[in-house]
Every structure is written in structure tokens, then in C-alpha cells.
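Novice: Chains as they are written, first to last, in my numbering: chain P, 1 to 729; chain R, 1 to 216.
What the hints contain is simulated information worked out from the structure, not anything from laboratory work.
Please note that a few of the clues may not be correct.
[As the list claims (entries may be wrong)] Taking lysine-lysine pairs in the DSS-like style, the calculated list, with each CA pair at most 30 Å apart, reads:
1) P/Lys725 - R/Lys60
2) R/Lys195 - P/Lys424
3) R/Lys199 - P/Lys688
4) R/Lys181 - P/Lys688
5) P/Lys235 - P/Lys188
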Amino acid sequence: MMMLEKKNRKNQFRFKVLNVVPDVFQPVDLVAEKFIDCKGNRSKMGEFKVHRVRFFDYMPSAIRAMAFNRRSERLAVARADGAVEIFNFSDNYFQEKVIPGQDSRAVEALCWVDQRLFSAGLNGEITEYDLENLRPRCTMAAFGGPIWTISSNNRGTMLALGCEDGTVKMFEVLEERVQFQRNFDRQKGRIISLSWHPSGTLIAAGMMDMIRVFDAETGHATHRLLVERGVGASKSREVVVWSVAFLSDHTIVSGDSAGKVQIWDGVTGTLLRTHLVTKWDVLALSVSQDQSSLVAGTSEGTVIQFQLISSTVGQQDKEWVRTRTFKNHSHDVRALAHTETAVVSGGMDTQLVVRPLLDKVEKNTQESSLRKIVFPHRSLVCCAKKAGLLLFQFPEHLELWRLGESEGHGKPGDSLTVKTKPEKLIQLKRKGEDHICCSALSPCGGWMAYSTVSSVRLYRLQYNNNNIGITKVSRLPKDLCSVHQLCFSSDSSRLFASSSHSSVIVVALNQQECTYLHTLKPKSSSRQPVHLLFASEDGKWLATANTDCEIHIYNLDKLKLHCTVPVYSSYPTAIAIHPLTSNLVVVHADQQIFEYSLEQKEYTEWSRKLQKLGLHSLWLERDTPVTHITFNPRNPAHIILHDMFMFCIIDQSLPLPEAKTLLYNQMTLRSVPEPERIRHSHAFKICKNFQHLLCVRLLEDHSLVVVERPLLDIMSQLPAPVRQKKFAT
Amino acid sequence: MADNSDKQAEMFSLMLDSSDDEAPEEVTFEDSKTQALRSMKQALDTARREKELLKEKRRKRQELFQEQKKRKLLPADVLEEIDSTSSKKPRQSEDEAEEEQQKGEGEKELRKKKKKRSGKLAHSRILKGNYTVATLKERSMASFQQQAAEDFIQSRLYGPGSCRTTSNELLSLQNKKGWNKSAAVQFVKKDWACKEKAKAEKLKKRWIHKQQISSC
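Work the whole structure out from these sequences, hints included.
Specialist: Right, here's the structure in full:
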């Protein structure tokens, strides 16, 4: 050990273990939780010590822009830190892909052209994203200063940009890139918002104090619509037209900073109607496909709907009437999308809200419920089961923590005394400008790795008494460059990294260095990225799942493909391989659970039974996906999985719940005397004591680690909301 | 009006006085010619002299400035270093500008501003003590503009006149209107409202002290 230290003195950082207790509400406590099984005994089977971890200060980023692709039913969301997320609206709103952000990229607007995604930002560049490799494909400077808005015409041939220097720039969309075509007449103020007329011949541009209508062929400005400033103190400030929409009947709708939604006649250039909807700014507008409904988002957090209806029944003259007001946000709403059946809004409170419109969907069904997407649909926490360490992934750094210890036992629900407090061992800042895409920690705690869109970094960790040493492994195989998912084998001898075209790179780890072993490739020609990786406990199998819904199993002894699980139409959100039975357990975005035997290459008996009976309706109605599956070494019949609001232990030896039985029956089982319990218990034991769950893991010493992120913590760190005077407060 | 006419009459009378009684003088052509030439020469002389005087003045002033400049300037070798690097950068940007498709006013301003900046570097003052000059990583125009644009959004949404409140207020409003009314968030969270908590602690101690005094 001493020899090694001397050699690697250059790369080694020495840290003293810090004693930090950053937990906010209460010190980390170890709670004794008990699950009642059918025998009703307080056996070790059902009793767990729980490490309740609340020191993961994960802070989601504000939503800045969004764009909905009608054909593929995908919503692209851009965040303030430059990250772009793709949500699949046809598969339970699952967050399919995440492209990590970058320090200088300040995305202001997003735009779909067919299946290609473009963004423009305040750094003056247009970026096209590679959705197969989850990174920017190319960037192009527009040379107009910061770009405020980007919009494409209906045919998908041209992109119009609104720039700080007052020009509207036209770019031609070519196969591999975009090319500058020409500028429109330069204006004296910045162009904040743009909207194409559906025919592609006119463009309405929102600026300071006015709206300009341009002829798209000649580039000359034809009309100037003057927008009135606010009253009182805001009369001296220019009014900013934050958003415009050009409708096919030549009506222009604008939302401005004085809180007005105005309807203009685009042909004559006159104001038809003004609606004062808020005291603050109207920041976003979105029009439905059939142009009969539009929504406006304000700084108050409200979303106001206007519909084109006739004031008297049977009359032909329709006008825009304010109909509904939704208040689903506490902070400014900066991005809106109007789909066929719902209104999607997002803003400074970082939550994505999908509000189905009740005149388009059936009431009181799963479809009509309000959805709030708060946390990412993938795991940001890695746990080293043998060493009791946690690795937290932030966009710009990683934190390694050691869990605390406690003595003694207690009754369920008790808080146990903490003997050693949890400690932050390492805080590692990423190098360069790119944000961290994925990270991994080996089960023994000796290796740590993270990747960005441009590089992969691997570190060796050494523990001597109270000191921890971290050494960077300098020479990595060339193939390890752009990786989407990382996973260590259970004996920490290999690192698996998912690369392009659904392939997986296998790298061997010895002492201080790593050598390339093999690249595992699936038979299918899928170009989609692998978003889930799982290495089995015995080191024989590797399971991968990609965004084409394909699940491949590789035999690691022979280093080749073993089998492919039959494709199910919903995305796999979590996969795991049982250590003893070698059964693959998969949970999908529509909450379906499958179990597949790797030896027999077919679905197991239990899985067929579950499919035949069907899952309980309450289980299927859950709106957050299961992000991790793990097993209980002391009871092979247990499968432990969790989503944002609950964690569940599925006991395969117990009967499955029928449609009419109570699903959340832990409370009833506790209240019922022991002999009765056998009648009422079923396989799904659900615990909802801990929320919002970011991670649930089982350590080697049979204690549960539960990482919670209270919403109150996030809310208290958000920027200032508007001041509203409420009656009686 | 009356004054003016009087004055005019006086002048006229004076002129008349001088020339009325005597016969006109006889001035030969040569005399008047020489006189004219002399006066012209004189005029030219004075003009030249004035010019020379001005020149002298200017030269002296220039010298004075140069003296002062010499005193103010940094040592020559340091200036050389700055000049060489700053001259490279404007040249680079000019090349890039030529490669661009559009040459708007923006680019011209860019070049002007860069030149100004390199010019400013030359006129720095010598301060007391030892110091070294290091060329900083020059922030590109794009990031300045980006910062300005972000400041614009920040000032429009959060600047003066935007009527904003704090997260604490929002949370306490929610608390007041909620079903379960609990303690204010600033007392529940540990790292909030430290001053208020300290104040509360002090008051508590004072009150306890008073109680003890009044009891004994």
C-alpha cells in the first residue's frame, strides 16, 4: 500500500473524513419498520432497520421552454441549466431521454422539425440534438447576438430566429445541418418572439412596445401593431411582447409584460380585443392544433384558456372568450404546450404539469387526472451495498457519503439513536463545461466513475482508517468516450458502459488501471441508446434495456448475446436479475411487471399467473415509474421495488391480490389479530411512510436505505414568487 | 435712433473738418505702391510670426505631454509584451469577420471596441510596489451579450416594479390557508431565520432571568 501511494502521488488527493450533519428536519434516524407476513411473526423476514437519508440536496432546474411533436407524441423540455428532456406522452408520460446540460448553453427556445430537435439560446447559437446518442449533434452561431426565439414553418423547410440585434434570420433546414439564407429588414429593438402564419408567407414578431408583421418572401415589414404600455408606474417602462401566435384567419394573439392578452387583425393591423388577465407578465402562449383554443401562462403561476366560441348559440360570429383558469404552479409559468387533449405547463417551480382538458377526455378516469412530474424518472443515487456508501449525482459534481450507524433495536416506528453520524467523504467537481450524464459506484466502494457527453472518468478509492484517498485512472480505453450508462460488476472486477447503437463496452479493472476487454453488440440494428444496465450477483449475466423497448441478455462467461426478451410495447423502467434463480424481473412504464427465466428462456410460472390475473387497478394507476428493483438475500421469494411515493416488497410465495381486495393493506393487517392475518394478506406489501423517494436499497447487513427529498426543501430554495395579497392573511 | 444719427453727423463733421480746409495731398503712384507693398509685407510677417508663435506653443505643449507620458508609462519591455498579444487578437477577429457571410454594423462595433480596449491597456498607471502584469483570458463579445440578455430578463421579471415576495411568505401563506396549520417554516428549518431565532433565544433567557429575580 505504501509503495502504491508513493508512485501515484501526482494524481492522489487526500481527504480527511469530514463530520457533517446537514440533514434539515431531524438527524438521520434509523427507524425500525416491520412488515406483517402471513405468519404474522416478527421474524427477521419482515423487520428492517431503515436509514432515513435526507441529506441529498438535489435541486431540479427550472423549465425554460418546451415543444410538442404531434406526430411522435413526444414533448421536449429545456431546463435552465441547458439540459433537454424528452417525455413520451403515449407511454404514461415516461421521461425517455435526458441530454445533460452545459455551463454556457442557456436555452431560450426549442423547436421540432420532423423528428429533429433544435434549440436556440442566449449564447447566440443554434444547436441540433442527436437523440440517438443523447448529445448535441452540431452547433451553429447565428451572429445576431443572443437568440430569443426559434420557430419553423409548417413544411419544415425553414427556421426563423429572433435575435437581440433586431433581425429575423432565416435558416434553411438541410439534411445534415442548417444554412443561413437571409436576414429580414433590421428593426430597432430586439425580437423577443416569433410566429409563422400557417401558410408560411407571413411572420409576426413580438418586440418591445410593438408587433411587426413581415412578409416572409421579401423580408420587408408590412405592419406595425403598437402595444399599449401598462398603467401607473409601468407606463415609463417599455412593454415586452413575450409571446405571439399567428392564426390561419390572420388573427394575431399576443401576450405581453403588462398582463394583457390582445387579439389583433393581422390584415388591417388593428386591435380587436384586449383581455387583462393578470397584474404581472403573460410569459407564454400556445395554440391548439385546430386553432379553437389557446392558453396563456402568467408570472402568477396561472394558465388561462381562451376558446373560440360564439357568444350566442347558433350564431356564426365566433370570438375568443376566456374560459378556464388553472392554478397549478406556485411560480412563473414560462413554457406551455397545447396538445389535443391536455395543457402542459412548466416554469420556475421546476414541475411539469399535464392538465387534461375535461371536454376532450372522459371525466374521472385515469386519463383525466392531473399529472405532476417533479423528479427524474431514473436513479441519481448509487449505493455500495457492501461498504455502506452512497454516491449522489448532481449536474456539476458528485458526493460520496458514508452512512451512519446505530445500536439497539426498537418497535416499529421508533427512532433509533444514532451512534455515528453520516459523513460526507468526497465532493468531486466535474472537469470541463459539460454536465454529468451518469455515474456509478462499485459495490465494494473501491471504484467510482462518471461520464459526460465528451468523456468518461474513473477513480480508485482507498480507505485507510480515517483517511480516504482518491486516484484518477489516467489511461482509459479509447472506446470509452461517449457513454450513457455505467455499471460495475458485483465483484468490482469489471465496468460496463453503454455506448452507441445499443452496444455495451466491457472493461476489466485491476488495481490501478483498466483494460478494454470486449464490446457486446445486440443482433438488432437498433440505434437507440441503452438506458438500463444490470449485472447479476454471480457475475454470469448482464441485462440491458434500450429506448426501443428491447431487452438483451448477455452471457459474461462467453462474452456473447444469450437471448432477447420478447418486446413489450411499453418502456422498461427498471430491470434486475435474481441472484439465486437467475430470473429477470422487468417493470415497465405502464406499471406492468414481468419475470423471465434466463435459463429456460421463457416467462416464469409466476409471471404468467400475474398476467392472467392482471395487476390491481390501484397499482396500475400509480403515476410515477418504478426506478429500481432489488432482492432480499435472506428471503429469495422477495422482490423489493420502489417509485416516488412508495416502496413495495412483493412476496412471491403469497397469493396475488384480486381486483376487489384492498391493495394497501399493511395498516389493516396490523390491526387484525394474528390468526386472521393469513386470510387478508397478499403478495404486495406496500409502505408509504417515506416520500418523495429517490432511492431505496437493501444493504448487506439487511438494513434498508431510503433517500428522501422533501418537496418543502426544494420549494424553499426556489426564486422569488410574485406577491399576492389574499383576503384574511 | 437719434443717438446714432448724431454720432454719424459728428464723424462726418470730423472728416469734413480734416479734409475741408486743405487741398488734397499729392501722393505719387510709386509711394502708394511701396506703401501698399509694405503693408502687405507687414501683414504677411505678422501672420507668419503668429504662426510660428503658435507652432512654438504647440511644440512646447507636446513636449510637456510627452514628458508626463514618459513618467506615467510602464517600462518598455512590459508594454511590448502587452502590445504583441493585443495586436494579435484584433487581427484574429478581423480575419474571422472577413470569413463571415454577413458584415453588419455589429462586427464593426466589435472591431472598434477591441481596438479601444487594446488602446486602454497602453495607458495604465504605475502603482507603487512590485506587481506583475498578466494578460487575462479575454471574455468574448458573445458572453458579454449573453450576460446582458440574462440581466434583461432578470430585471424585467425580478427587478424593480416586479412586486415579488420571498419563498418564506409564500410558504407561510400556504400554511395559513392549508388544512393542517403547523409551525412557520422558518422555525422548522434549521438554517433559516437565524437572526430571529437568536433574538427569540435572547428574549427567552431574559424572561427566565426576570422570573428568577422576581421569585427570589
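Novice: Tell me the numbers of any earlier hints that the structure contravenes, in ascending order.
Specialist: 1 and 3
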